[in-house]
Amino acid sequence: MIVIESLTKRYESMTAVDDVSMVVERNSITVVVGTSGSGKSTLLRMINRLIEPTSGRVLIDGRDTESEAGHVLRRRIGYVIQGHGLFPHRTVAENIGTVPRLLGWEESRIRTRTAQLLGALQLDPGQYSEKYPHQLSGGQQQRVGVARALAAEPAVLLMDEPFGALDPIIREKAQDDLLDIQRKFGTTIVLVTHDIDEAFRLGDRVAVMSAGRLIQYDRPEVLVTRPADALVARMTGSAERAMRLLSLTTAGEAALPWSACEAAADGVVVPTSASLREVLSELLWRGSECATVLDADGTPCGRLTVASIMARGRPS
Amino acid sequence: MRRAATILRLAALGLLLAFLLVPQRFAPLFAPLTAGGAPAIYDQGNLWTLALSHLATVLAACVGSIVIAVALGILVTRPGGQEFLPLSRAVVNFGQTFPPVAVLALAVPLVGFGEKPTLIALFLYGLLPIFENTVVGLRTCPATVLEAASGMGMSARQKLVSVELPLAMPLILEGVRISLVINIGTATLGSTVAAKGLGEVIIAGLLSSNMAFVLQGGLATGLMAVLLYDGVAALERRLCRTARID
Chain W
44 MIVIESLTKR
54 YESMTAVDDV
64 SMVVERNSIT
74 VVVGTSGSGK
84 STLLRMINRL
94 IEPTSGRVLI
104 DGRDTESEAG
114 HVLRRRIGYV
124 IQGHGLFPHR
134 TVAENIGTVP
144 RLLGWEESRI
154 RTRTAQLLGA
164 LQLDPGQYSE
174 KYPHQLSGGQ
184 QQRVGVARAL
194 AAEPAVLLMD
204 EPFGALDPII
214 REKAQDDLLD
224 IQRKFGTTIV
234 LVTHDIDEAF
244 RLGDRVAVMS
254 AGRLIQYDRP
264 EVLVTRPADA
274 LVARMTGSAE
284 RAMRLLSLTT
294 AGEAALPWSA
304 CEAAADGVVV
314 PTSASLREVL
324 SELLWRGSEC
334 ATVLDADGTP
344 CGRLTVASIM
354 ARGRPS
Chain S
721 MRRAATILRL
731 AALGLLLAFL
741 LVPQRFAPLF
751 APLTAGGAPA
761 IYDQGNLWTL
771 ALSHLATVLA
781 ACVGSIVIAV
791 ALGILVTRPG
801 GQEFLPLSRA
811 VVNFGQTFPP
821 VAVLALAVPL
831 VGFGEKPTLI
841 ALFLYGLLPI
851 FENTVVGLRT
861 CPATVLEAAS
871 GMGMSARQKL
881 VSVELPLAMP
891 LILEGVRISL
901 VINIGTATLG
911 STVAAKGLGE
921 VIIAGLLSSN
931 MAFVLQGGLA
941 TGLMAVLLYD
951 GVAALERRLC
961 RTARID
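Here the protein sequences line up with chains W and S, keeping their order.
Under the numbering used here, think of the first position of the first sequence as 44, with each following residue one higher.
Under the numbering used here, think of the first position of the second sequence as 721, with each following residue one higher.
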């Protein structure tokens with residue numbers, strides 16, 4: 044758990060972060076979203092003390108981050124930046140082993156961990172370990188950057204626009220991978236982005252920042268249904284707020300008890316992981332009223348009707 | 721193309737070694753340049769030992785230049801050292817622009833004749849290229865890479881040693897290469913203050929109007945410079961292959 048208490052960063056002529064307090068729950072993804080200059084990156088960098096706050100403090104699992112040297116603190120916190128920042132003169136395996144080596148792990152343990160991470164990120168260790176960063180594609184470089192940040196099993200992972208340099212298709216894949224990894228390792232993630240869609244896709248909780256202040260910090264559906272001010276409303280997109288709300292719920296969560304849909308022969312089938320937005324879109328496209336929800340084994344476990352989806356698309 | 725270049729280099733190295741070790745074999749080539757029965761090959765000293773001490777002087781001065789220039793380059797690119805940049809730049813520029821001959825003339829009264837004044841002159845003369853390249857190399861390390869290094873918990877020292885210097889190394893080596901080549905030539909001046917080196921052959925030739933001496937001293941020095949230049953360039957290429965910035 045990360046507790047941020049009245050954190051402020053003042054430069055001579057401006058206040059970059061102005062008295063921000065928030066609590067980041069353990070094992071969750073918190074997304075800080077805001078325009079450039081809103082202070083979101085500064086806030087993130089004050090958590091691992093790449094930037095020293097002017098006032099206020101940060102507690103990670105109850106421990107004040109000021110209680111140890113900055114570089115020692117940062118070895119316990121994963122950090123991923125836009126454009127990955129891989130060391131060009133080191134191989135993929137050496138890059139990933141950076142923090143474990145700083146912490147003095149044994150070589151055999153580093154090797155095992157490196158292979159495990161590469162596997163988790165769908166990079167074959169045999170094929171990629173000895174490659175240099177410039178020999179990888181943008182998406183692969185980004186994944187190695189994530190693997191490097193996770194190498195020393197940090198409880199907290201900070202990410203600053205981690206997918207900003209990727210093209211849209213690879214970005215979506217990278218976001219899915221991050222969700223998988225978060226589930227697998229149970230890491231507490233704080234991610235900074237200017238992309239509200241990304242925030243809604245990834246965030247268990249979303250913090251909206253503007254001009255150094257924290258405007259609203261809540262679950263994404265609350266941001267849509269009860270925006271704190273006009274800026275949040277504009278950001279979450281008042282024209283498509285119903286669709287955004289639908290995108291936050293999966294078919295599995297909203298499914299009605301299983302009974303065969305009428306017109307089952309050409310019936311629409313969707314996986315439990317599909318969002319209601321995707322299910323609705325599919326139903327519209329196929330001109331159907333009802334979709335069958337399939338679980339991971341492919342057995343029907345529920346159904347969704349247009350009416351049941353519509354009920355989810357307005358504030359309750 | 722590559723192979724032809726390698727063969728050419730090996731041939732040049734073979735030629736230089738052969739000339740330095742058994743110079744008398746080359747006497748017929750130089751004989752036409754002599755007059756009045758003067759010797760065709762330098763006979764007042766052993767060419768091989770002269771070449772070795774020439775090289776040793778240059779390398780020793782170069783080591784000094786590297787240590788000081790790289791240290792200064794590191795200092796002025798640290799957050800606390802930036803105000804020393806103009807001063808450091810002035811010092812190394814002075815070292816480069818002040819003529820080595822004048823340095824020799826000034827140094828002799830202080831440290832006497834021999835290798836010492838030559839070492840001082842070469843050391844000063846070699847600082848500038850190494851210093852400037854070190855500064856550029858350290859300054860052009862990609863910002864994202866440096867931020868990642870800090871973000872992962874490297875101390876300032878660890879960052880310098882394991883990220884900044886390796887990334888700047890190709891440029892630093894280029895500076896060393898330029899400095900070395902300039903000084904192989906400049907070191908011939910050292911013979912005017914009795915430093916052992918190939919300059920002795922040239923000066924003897926000038927004093928006795930023996931063009932054969934001048935030519936063989938010049939050619940040996942030139943070949944040495946070209947070979948050193950190539951050697952360090954090959955080292956740079958090897959480093960660049962792995963340290964390519966994308």
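Hints are supplied without guarantee of correctness; some may be wrong.
What the hints assert, rightly or not - Pairs of lysine to aspartate or glutamate, EDC-like flavour, derived with a Cα cap of 20 Å: (1) W:LYS216 to W:GLU111; (2) S:LYS879 to W:GLU321; (3) W:LYS216 to W:ASP240; (4) S:LYS879 to W:ASP238; (5) W:LYS227 to W:ASP210.
As the list claims (entries may be wrong) - Taking CB as the label site, the calculated pair distances span: (6) S:ARG958 to W:THR155: 25 to 33 Å; (7) W:ALA273 to S:LEU795: 35 to 43 Å; (8) S:VAL831 to W:ARG152: 31 to 39 Å; (9) W:VAL265 to S:VAL856: 49 to 57 Å.
If you're looking for bench data, these hints aren't it; they were derived computationally from the structure.
The C-beta atom is built at its ideal place from N, Cα and C for all residues, glycine as well.
Comparing the hints with the structure gives:
1. Restraint check for W:LYS216 and W:GLU111: not satisfied, since their Cα atoms lie roughly 37 Å apart, outside the 20 Å limit.
2. Of the pairs offered as hints, the one joining S:LYS879 and W:GLU321 is violated, with about 47 Å between alpha carbons and a cut-off of 20 Å exceeded.
3. Distance check on the hinted pair: W:LYS216 and W:ASP240 sit about 14 Å apart at the alpha-carbon level, within 20 Å; holds.
4. At most 20 Å may separate the alpha-carbon atoms for a hinted pair to count; S:LYS879 and W:ASP238 exceed this at roughly 32 Å.
5. With a C-alpha separation of about 25 Å, the suggested pairing of W:LYS227 with W:ASP210 is violated against the 20 Å cut-off.
6. At roughly 31 Å, the beta-carbon separation of S:ARG958 and W:THR155 lies within the given 25 to 33 Å, and the hint holds.
7. Range check, W:ALA273 to S:LEU795: about 52 Å between beta-carbon atoms, so the 35 to 43 Å window is missed.
8. Checked against the hint of 31 to 39 Å, the C-beta distance between S:VAL831 and W:ARG152 comes to roughly 56 Å, which is inconsistent with it.
9. Distance hint check for W:VAL265 and S:VAL856: the Cβ-Cβ separation is about 52 Å, which falls inside the suggested range of 49 to 57 Å.
Of the hints listed earlier, those the structure fails to meet are numbers 1, 2, 4, 5, 7, 8, in rising order.
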